[in-house]
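> The residues making up each chain are set out below.
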Amino acid sequence: MRLSHIATLGVKELRSLLRDPILLVLIIYSFTFAIYAAATAMPETLSRASIAIVDEDRSPVAQRIIDAFQPPYFLPPAMITQSEMDERMDDGRDTFAVDIPPHFQRDLLAGRQPAIQLNVDATRMSQAFTGSGYIQSIISEEIVAFLQRYRAVDVPAIGLALRARFNPVLEEAWFGAVMEVINQITMLSIVLAGAALIREREHGTIEHLLVMPVTPFEIMTAKVWAMALVVLVATAVAMTVVVQGALGVPIQGSVPLFLAGAAVHVFATTAMGIFLGTVARSMPQFALLLILVLLPLEMLSGGTTPRESMPTLVQVVMEAAPTTHFVLLAQGILYRGAGFDVVWPHFAALAAIGAALFGFALARFRATIGQMA
Amino acid sequence: MTAPIARLEGVGLRYGRTVALDDVALDIPAGVMAGLIGPDGVGKSSLLALVSGARAVQAGRVTVLGGSMADARHRDAVGPRIAYMPQGLGKNLYPTLSVFENIDFFGRLFSQDRAEREQRIADLVAATGLAPFVDRPAGKLSGGMKQKLSLCCALIHDPELLILDEPTTGVDPLSRRQFWELIGRIRAERPGMSVLVATAYMEEAARFDWLAAMDGGRVLATGAPTELLAQTGTETLEAAFIALLPEAKRAGHEAVHRPPFASPDGEAPAIEARGLTMRFGDFTAVDHVSFRIRRGEIFGFLGSNGCGKTTTMKMLTGLLPASEGEAFLFGAPVDATNLDTRRRVGYMSQAFSLYTELTVRQNLVLHAKLFGLPASAIPDRVQAMADRFGLSAIMDTLPDALPLGQRQRLSLAVAMIHGPEMLILDEPTSGVDPIARDEFWRILIELSRRDRVTIFISTHFMNEAERCDRISLMHAGRVLISDTPAAIVAQSGAATLEEAFIHHLEEAAGPVTAPAPAPVATVAPGHASRRGFDLRRLLSYSRREALELRRDPVRATLALLGSMILMIIMGYGISLDVENLTFAVLDRDQTTTSQDYALNIAGSRYFLERPPITDHADLDRRMEAGEISLAIEIPPGFGRDVARGRAVEVGAWIDGAMPSRAQTIRGYVQAMHQQWVTQRAERNANASAVTPFSIEIRYRYNPDVRSLVAMVPAVIPILLMLIPAMLTALSVVREKELGSIVNFYVTPVTRLEFLMGKQLPYLLLGMLNYLLLVGLALTLFGVPLKGSFWALTAATALYLCASTALGLLASTFLRSQVAATFGTAVMTILPAVQFSGVINPVSSLEGIGALIGHIYPTAHYVTIARGTFSKSLGFADLQPSFLPLLIAGPLLIAVSAMLLRKQER
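Protein chains in written order, with my numbering: chain F, 6 to 378; chain Z, 179 to 1083.
This is chain F alone, in the form it adopts within the complex (with noise of 0.2 Å):
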């Protein structure tokens, strides 16, 4: 192993991505529009819900009930009769109906405990469960305040102070553009490294680099850094400028470290890239492949849904992704400022995938090389 030869290549590496004006685009694209369009098209977890009242009390209890849900949480409710509930939802057009019964207001002082009912589409889950929730807090405090004026209500004396930190507003665009930063990243250098490798294959060249005095461990070696490198410009463009710059995102934590973290990332995804080209014997396997691992590596991360929520057997799987470490270290350098020394395991957790993978794509390249040429 000749360090000169692994930085000759490198740089050829770069001189070829460089004269490829598709990938570069692609790239460009990729860093910026693509972040900046999945950071602001996500919305607030509750956020224009659609919801539908059936007004059969219209009481000035029931007026102070609808009044009650506005924008942004909710979209202006619809005023709707009963029998046009079934088909709405039907229709998904609402995710909530809230039936108010006849003679609620009179039941409600009569002190009768009248019921509201409300109808909830439970296929929509992610705004299932936490609009049912705010609905719910969204009528009792009407209902309570109206009742004050009435009669002393018992306001319970233990309260609960709820404070969300690192993000105390809940704003899902922070959360959206880093992640969009990550999956870009994981596919970015799968790609890149894969499509060097069936670049040389196509343009015939590997088969010139084999007659001469490098090693398979020079090339993918080359490949790997000259790759890893451009992922990591992007990635620094990506955070200062998208990120941070247009879409203000307040970062806690050290970007340099994160980036420290994305580099050891970038090892084990360009190997694993590496792999795939060994793998794939034409670009429309090669596609199919990369869907195939792509999907899985970003979904199951735990940065589209909670790690929590997953079965036990798909967390254990998991932990052997690059992907699953790296979104715990981001989350935990940028939005809780956490230091070195508190996201250490999950970089030796990277080293480690990474190391791993890049013995077994060695292995691989070395026992395909000669069917390449």
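Nothing false has been slipped in among the hints.
Cβ-to-Cβ under 7 Å is the rule here; a few derived chain F residues that face chain Z: (1) Ile-27; (2) Gln-122; (3) Leu-167; (4) Ala-169; (5) His-213; (6) Val-216; (7) Ala-292; (8) Ser-314.
Using C-beta positions, here's what the derived DEER-type ranges look like: (9) Gly-194(Z) <-> Phe-365(F): 38 to 46 Å; (10) Ala-241(F) <-> Arg-195(Z): 30 to 38 Å; (11) Ile-33(F) <-> Phe-991(Z): 16 to 24 Å.
Just so you know, these hints were derived from the structure itself, not from any lab.
Quick reminder that beta carbons are idealized off the backbone N, C-alpha and C, glycines included.
Chain F is fixed; fit chain Z onto it per the hints.
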């Protein structure tokens, strides 16, 4: 002479900045065998592509069969009267399809009915001698057979004008001779047919009726071969061609002279092969090849494409490990891991395989560095190479912008950069013009004689073989004979080396089975193929695509199995019920009341308790590390205050790093707190705490609020968007990359037929995929399909129409398979996953996301999938969602058809 079959006036053609044709004016006579001669890259192929209508006319006027080829109506009308066989062995064939299926595909494109097709195919394969091989895949034919098959495909519709672009390049001499005999017979059968051929073999061209010599995008001279010879006063066509070249190009050209080879006896051979054998599966590519090459010798390997020349060379360089036998370089066995041997060998592969993204200088420097030349010596060495190989003027140019001859010199310079003792050159001169070739050979001879570099070279040019010290004739993996060229000619009693080679080939093939001279029957000309929309042509493309898909099981299996694996991963993985959340308590009270409060949370299925928090620093650290997502702080005196009914506040800290999870935790904590307070009040029999009203929540469609029930019907639409779109896009772009797209350019198939024909098999594959996914949902996931299966199936068909059409749309502007993979991924993943209501309802999206969510087909299909799976709905209920799906597919296809070009530009 009758009117010319094709007339070009002031025709120019550029690719970017490169000029391919420069103000060409030419009349090509009808009813004869007309040839374009000249090396690669002089504009022959461009000219043929223009005449055939495959490429759009940029400047000037191209008149073929009495009309302008710039006029789309005329092109459509005369298209069926022209046949075009593009350059490259079997370029327009489909390698996985059999001989019969290939010809059959073309027959269908020309709307021939079954009986007509079968009769024509039978005649054609009988005439070309392919009859015994009709079931063999085209990819497994030899070069000569591929070209015969290409010819069959071109002749299936009785063209008036047959255009052949270098039909015999890379084919062995025997097959070449048979090919021209075949053309001769066909012309005898159909005297009216005009044939236009481009060729780089001057010997061949000497037999044509009329020639146009081309160079640098211009026509040098036209006329019968004898006229050209007379005009230049030369004896061979090659010499005539050189004489016709402009003065500047001829400058410095002189005939190649080879001093005799002399080697000191007793020296160890530079290369030795003993019984070298290479098998790929049950196919033997190289069969017990042995030879010895002395130091400084020029040793030639002569044979057709695919005879094992390249494989033998690769074994010698260590690129391929031999299955059997041994090879020695400089007396040491070839060992792929021995990097030192590599330093003594220079290798030049068949295709130009340097980095086209690097300039000439960068390529030279890169190789110098990799061969470990000391950094200080590199600039001098690079300069020396540039001077010796005449590259000084073009050092900062990209290889793509250079003519072939210069690129080959660059390849040789790169192979020589480290001063190797041996050069292995795999067909270094194919396609290079005669002058550049002679120049190349002068360098080789100088290297051999002056520097004593051993040269092992393969070629299929006979006149080059004659320049070698010794040659081996190779055929079908075996060396037929190995000796000096003169001895081979003398031994077989032939007049030329070519005849000697044919003689040996015939001997090797056993008794010559000359193709039965079956008359190429002229079937009653079929009905003129219809213009406009023709279902048969559409189905012809579908049939072919389906066959290819079936022969490529990897792709089909990945598409089906892959989507099922993904569904399992996503169905189980994306669960939105949040459970097992970690929390810890900072209990500053330590009374039974405070413990009861903590127990209330720990006892729920949502939370897992971690060891208690000791102080605020501990709380900060553990939250930072993400160890706990909820911290509860119970103030001192909590139990006492509660008992006395004094106001007291419990603190709860939620990890907000993941907002959706934080929201859920907040909901849980609020509910549990409320529950605890109520329970306490009831236990204390405090009547006033009884709530004055109640809210009844009905979770509809999914009463248990299970994630699977919500997610599985939403995952199906994502998968049915992604995979069909990508496969369809790749299927079109692949044809562009491999070259078979030319069949679409030159046959009567319309844009719509082509697109829908390609789409259909993927639509069916998608439906199969859909059934598998629904089956998986019902069985493995246990998600019941409560509504109308037929409504869902109908919607799926419409949806797949749209997703495959989206793939087609992407394929109209994407050129490479890499770009197609990416482009379709970008166009499908983000909109389908984020903006189509899979996780957040479309109605709650804003901005671009909302716009995409309203028009993207996935959004509407998700509504239908959830409606039928969970909401027990049918056609009538889902009408509003069907309408957009109904529009999307046809609209996308129409747009694709508008964007797709029927000609290359």
